Structure formats: structure tokens, C-alpha cells
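On the provided structure of chain V, position chain X as indicated by the hints.
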Amino acid sequence: MLEPTFVNFLVSMLFGILTGVVCPVFGIGGGAFMVPFLILFAGLEMKNAVAVSLLCVVGLSSLATAFNLEKCLVRVKLGISMAFFAISGAILSAYAADYMPEKILMIIFPFLLFFISFSMFFRSEKKAENQTGGKHSYFDENCRKEVSYDIKNFKTVSFLSFFGGGLAGLFGIGGGIVQVPLINLLAKAPIKVAAATSSFIVSMSACAAASVFFRKGFIVREIATPMFLGVIIGSFIGVRILHKSRSEKIRKIFAILLFLAAVKIFLKALSL
Amino acid sequence: MNTKENRILSFAYKILILGAAIGMIIHLLLKYFNVNLKDQAFFFSAMVALFAPAIAAVITGMFFIKREWKYSAGSFLLAMLIFSAYILNL
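As they're listed, the protein sequences go chains V and X. Our numbering puts the first residue of the first sequence at 1, with every later residue one more than the last. Our numbering puts the first residue of the second sequence at 1, with every later residue one more than the last.
Hints should not be assumed to be uniformly reliable.
What the hints assert, rightly or not - Calculated lysine-lysine pairs in the DSS-like style (CA-CA distance at most 27 Å, straight line):
{"id": "1", "chain 1": "X", "residue 1": "K4", "chain 2": "V", "residue 2": "K152"}
{"id": "2", "chain 1": "V", "residue 1": "K216", "chain 2": "X", "residue 2": "K31"}
{"id": "3", "chain 1": "V", "residue 1": "K71", "chain 2": "X", "residue 2": "K70"}
{"id": "4", "chain 1": "V", "residue 1": "K71", "chain 2": "X", "residue 2": "K31"}
{"id": "5", "chain 1": "V", "residue 1": "K135", "chain 2": "X", "residue 2": "K4"}
{"id": "6", "chain 1": "V", "residue 1": "K152", "chain 2": "X", "residue 2": "K70"}
{"id": "7", "chain 1": "V", "residue 1": "K145", "chain 2": "V", "residue 2": "K77"}
{"id": "8", "chain 1": "V", "residue 1": "K216", "chain 2": "X", "residue 2": "K38"}
Hints in this document: simulated from the structure, not taken from any laboratory. Note that the structure is a prediction, hence the values are computed from the model and not measured.
This is chain V alone, in the form it adopts within the complex (with noise of 0.2 Å):
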């Protein structure tokens, strides 16, 4: 594990401030980059880095609805729908991870982030889509124009988001690989109110979880301090670039770290 040195304190503030910044640019929970970072640089445990990072992703996806709010971009009603499931699989996740092996976590773990990475590498950026006459609105700031839509399928999607909750309990993701996708295809919202509802379930979800973890002693708090305020001060900024900046490349690079990551936490599940 890391010493709890000065440098190691900026180290993992640093990280967390990368993590904050990225993820809302990116349209992600920082999850995904925080538990390779915990395991890898940090030396952590898995049960240990996923509660440290569901501390942060609580954080992180905290501020991202507060701002969301104010753009009116956030479907409260499915979102309370939702978070309920996705409360239920986070809890119930939270206490199967305290008793499966750490080498089965270590090793399922690597093929969710293979699968983030190429959704990551391959994913293109959707114009807002319009449905005429839909009974909610937002102001599209990109189009400049005002995007109207409805929300379908509202019970099979709450209850399928129980499978999202359990991702963030199991590995300290915040679940929005399978919360955004099913809001944006299954309920026909716009990708953006997809992810902004997401960020505002998964605020729930991860604090579920991180309670359970928190109150089993699993955070360790040498890194989960730094981590969090980088994670708080990265997020400021990252909301406020989200919409100027031309993220394609960036992503990609990403994408392929994460990529290598996950190879790397999977040579290491097998040597334990």
C-alpha cells in the first residue's frame, strides 16, 4: 500500500483531480479509472479500492447532478423509479463482494473494463435527437435549440436498472455503463438527460454501497481524503469545459490506458 507521505498524498490527489476532471467531459462515473489506479499505483486491496472509490464517485456524481439540476436535464420521477433497483442490487452487491474471494472479483473485474474501454474507443458523438410533441423539454446549449422528448418504458427500465446498482456494489463503478443505455435506448430519452438522470441514480446507488463498505471498515483513509478533495476541486473544472472541448482524442487515448489496465489487473488476478 502507499506510504501516507507528502508525495503520495499528491500523487493520489492528483489523480483524483484527473478523474474529476475527465469523467463528466467523458460522460463517465470515475469508477473505472479509480479502481485500476487504487489497485496498480496505490497497492490497495479490491474491496478496498472499491470503497474508496465509491466514496469519490458518490462525491463526483453528487456535483454533477447539483450542476445537471440546473439545466433542468435531471427526469426526477424516473429517477427516483430507478434508484430504488439500483439501491437494492448496490446493497445487495455490497454484501456479496464482502464474501466472494478477492481472486473471482480480481478476475470478472478486467472484463467489465475491456468492455468500458471499447465502448469507450468506439463510441460516437450523437447529435441531440428530437421527438416532436414529447411532453418533457431541455435546452440543447450545442444546438442552441430546445429538444423535446418523452419517457417510455418506465417500469422495465426501473427494474432493470437493479443490474446497474449491483455493478457499483461489486466493483466500485457507478453503474453508468448500464444506467445511460438503458434511459437513452430503452426509455428514448436524449443521450444527454440519459446521463445527467444516470449521474443522479448513481448518486444514490454508490452511497448505498460506500456505507456498507464504510461501515465494515473497508476505506482507507489516507487515500480516501486526498482522492476525494482531487476529486471535488477536478470536477469544478471539468463541468465547466464540458462543453467547449473537443474530447475525441483524448478519449481514445483513455480508452486504450484503461485498456492496458485491465490486462495488467488481469496478469495480477491470476498470480494471486
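This is chain X only, laid out in the frame that chain V set:
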């Protein structure tokens, strides 16, 4: 939810998370000066961070209380689930 309610909820989220961050800074300062209360400072700031979404759910529940009881009850249930995840240390 209307614009005013969105702003109130957003403000609550910001205050709670910034409060947690300030708590973490206090924890670091106490640690630097080796004061005994450093552990309590971390505990309370982590608790504020962890329960920020639960408190936000309670506020959301209060907004819906007169209009749509289903969502109001749902929000309170969410908050209860989060608190019980911490309290019921199975």
C-alpha cells in the same frame, strides 16, 4: 419538478458535498497538528458525503408531498434504504 425546486435541490447537493470536502480538509489539518479529534473529523465528513444523496432524496420527497404522493413515498423510501444500508450492518 419546476426550475425553483431544481435549484433548491442543486444547492442542497452542493452544500453537502462542499461541507464534506471542508470536513476532509479539517481532518487533514488536525492530522498535521496531531490532534486527537482527527478520526472523528474524517468520520463526520465521510458521513456527510455518504448521506448527501439520502438527504437530497428526503428534500425531493418533500417537494412531491402535496402533488404526487407515489413519488414522495418513493423518495422517502430511497432515503430509508440508504440509511438502513449503513445502520443494518449485517
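Next on the checklist: Hint compliance check: list the failing hint numbers for this structure, sorted ascending.
Outcome noted: 4
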